[in-house]
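Trainee: Chain by chain, the residues:
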Amino acid sequence: MSAKFQPGDSVRVRLGAPPGHFRTPTYIQGKTGSVVARHGAFRNPESLAYGGDGLPKQFLYLIRFDQPQLCNQYTVSPQDTLFIDIYEHWLEPAGC
Amino acid sequence: MHEHEHDEHAPITDRDELTYYEKRVYAIQSLLIEKGLMTADEVRRAVEDMDARTPALGAKVVARAWVDPAFKARLLTDAKAAVTELGIDTGTLSTLVAIENTEKLHNVVVCTLCSCYPRPILGVPPDWYKSLNYRSRVVVDPRGVLKEFGLELEQEIEVRVYDSTADIRYLVIPARPAGTEGLSEEDLARLVTRDSMIGVAKARMPDQY
Numbered sequence: 001m002s003a004k005f006q007p008g009d010s011v012r013v014r015l016g017a018p019p020g021h022f023r024t025p026t027y028i029q030g031k032t033g034s035v036v037a038r039h040g041a042f043r044n045p046e047s048l049a050y051g052g053d054g055l056p057k058q059f060l061y062l063i064r065f066d067q068p069q070l071c072n073q074y075t076v077s078p079q080d081t082l083f084i085d086i087y088e089h090w091l092e093p094a095g096c
Numbered sequence: 001m002h003e004h005e006h007d008e009h010a011p012i013t014d015r016d017e018l019t020y021y022e023k024r025v026y027a028i029q030s031l032l033i034e035k036g037l038m039t040a041d042e043v044r045r046a047v048e049d050m051d052a053r054t055p056a057l058g059a060k061v062v063a064r065a066w067v068d069p070a071f072k073a074r075l076l077t078d079a080k081a082a083v084t085e086l087g088i089d090t091g092t093l094s095t096l097v098a099i100e101n102t103e104k105l106h107n108v109v110v111c112t113l114c115s116c117y118p119r120p121i122l123g124v125p126p127d128w129y130k131s132l133n134y135r136s137r138v139v140v141d142p143r144g145v146l147k148e149f150g151l152e153l154e155q156e157i158e159v160r161v162y163d164s165t166a167d168i169r170y171l172v173i174p175a176r177p178a179g180t181e182g183l184s185e186e187d188l189a190r191l192v193t194r195d196s197m198i199g200v201a202k203a204r205m206p207d208q209y
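Those sequence lines, one after another, are chains W and R. Our numbering puts the first residue of the first sequence at 1, with every later residue one more than the last. Our numbering puts the first residue of the second sequence at 1, with every later residue one more than the last.
No lab work stands behind these hints: they were computed from the structure. A portion of the hints provided could be inaccurate.
As the list claims (entries may be wrong) - Derived pair list, reagent style SDA-like, types lysine to any residue, alpha-carbon separation capped at 25 Å: (1) K130(R) <-> F83(W); (2) K31(W) <-> N133(R); (3) K130(R) <-> D14(R); (4) K72(R) <-> V36(W); (5) K202(R) <-> R38(W); (6) K130(R) <-> C71(W); (7) K80(R) <-> R38(W).
Claimed, not checked - Heads up, incomplete: computed chain R residues facing chain W, CB under 10 Å, no partners named: (8) S94; (9) V97; (10) V139; (11) L153.
To be verified - Pair ranges (Cβ atoms, derived): (12) K4(W) <-> P206(R): 44 to 50 Å; (13) A40(R) <-> T75(W): 54 to 60 Å; (14) S115(R) <-> C71(W): 23 to 29 Å.
The beta carbon of each residue, even a glycine, is placed where N, CA and C say it ideally should be.
Pulled out of the complex, with its shape left as it was, chain R reads as follows (with noise of 0.2 Å):
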């Protein structure tokens, strides 16, 4: 166990040059706020607001669609419209395509290009999904890239890689989990972790809280 010594960890540090593209956001924020088009104060509700955005909303999203056909129908017909049903406030987020795993398909999730990722449902995206690693890698090794997540599928599974390189945003539907049908919505909700939702890992096993 780790004991929370204060004088253990090494002493924290600003990096002492920024990188190329900090620089060139920091120049062109301060113009815009010099020129008065925005404000700093806007500048950090933005980033509140973004931060503050989690995968509980997605989380939510999924658990309705497991214990609702109704609206699973509705989600994978138009997603933006259905999530709205719920009450989350969709955003900035454009064109919002919701797929379905199930015994016989497994979606994932990548943009080779950047990192397009439903950021206003799930939040801002891990380390690994902006990584050249994973992004390069996924489209051409699915099977591979998976393992690496711990995720084996056996052969007869199709994989099925969403490459998201435009308007388009993917939300992974994971197949629910057997053994939990007399589950409340709000405690299936915790099976759906951020990765089930990109489609690295299947849903969380009620066991494995």
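So that you can see chain W by itself, here it is in the shape it has in the complex (with noise of 0.2 Å):
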């Protein structure tokens, strides 16, 4: 298994309700953040919240957003940011 993701990838965070659980707010899908590090892979939440084996793992980046890309009301301190764990499969190439 390789991760699709390094360090310094601009990625754009997918769309979607699943039914059941997972684990993407809503606020941060559709934003576009680069990728900070990753910590690893983890087996998947939204199969282990129903009794499943959470298999295959899913690899979790830590994503970082600067707030006023977030929001465009956010202008005193534009230096701010959010940093946020998402798995992979959450997460697609942002286009250039």
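Take the two lone chains and join them into the complex the hints point to.
Mentor: So, in structure tokens, the structure goes:
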């Protein structure tokens, strides 16, 4: 299993609301950020929540977003950021 | 001053109705005990163990990081291993990541989806940490929320919110207060509060005991 993304990559969080349990908050869906680090691979909580084995494991990434990109009214301190953990299957490469 | 007169306070009563989730938890627990999968004593011991864990454990870790740069480096690389070095049982803790507050960077932790929290080293989270108010607002208006906690940060400092959505638990290492050079590790640990390890406050100053 090889990881799709590397630190520094620009990524977009997918849109979606699959039935059941998922760990990608809607406020971050559709937003573009960059990969800070890869935490490792973990069992998929969307399967674990219903007694599944969580396999195949999913890479989990720490993703950085600039606050002004999340909300265009966020202008006072433009260097402020939001870091969030997102599983690989919720990420797609952000087009350039 | 409050004089403790036993006939003054409102009578202590149980609520009549359990909530939906309380009922569900009791139903599942009764079934598991009835089927012999666990015992009531095991449940009680697990609750007791959880209640015995307090932010004092995290404070010990932070104080060691303040006095021992090599330990801090290990804590920032592999926090769980570093915590274990201090003889702290990390219990059910998954992956722990320590994040350091500095003069230029202030980290604050939230779990917008539920209440993910490094319980084995900080104990049970405060009620506000689980509130919809904190969870929904700190990600969009961190400075406004911090101000409500009494913490106003200069514009130049980066405020970095960590949304702990998955398998990682975050521990904030607050900045060591100025003027604490002469303090022992034990005294330093008393400056490290729960809120400072979540990131809604700074560590106490020595005169704030």
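Trainee: Checking against the hints above, which ones are violated?
Mentor: 5
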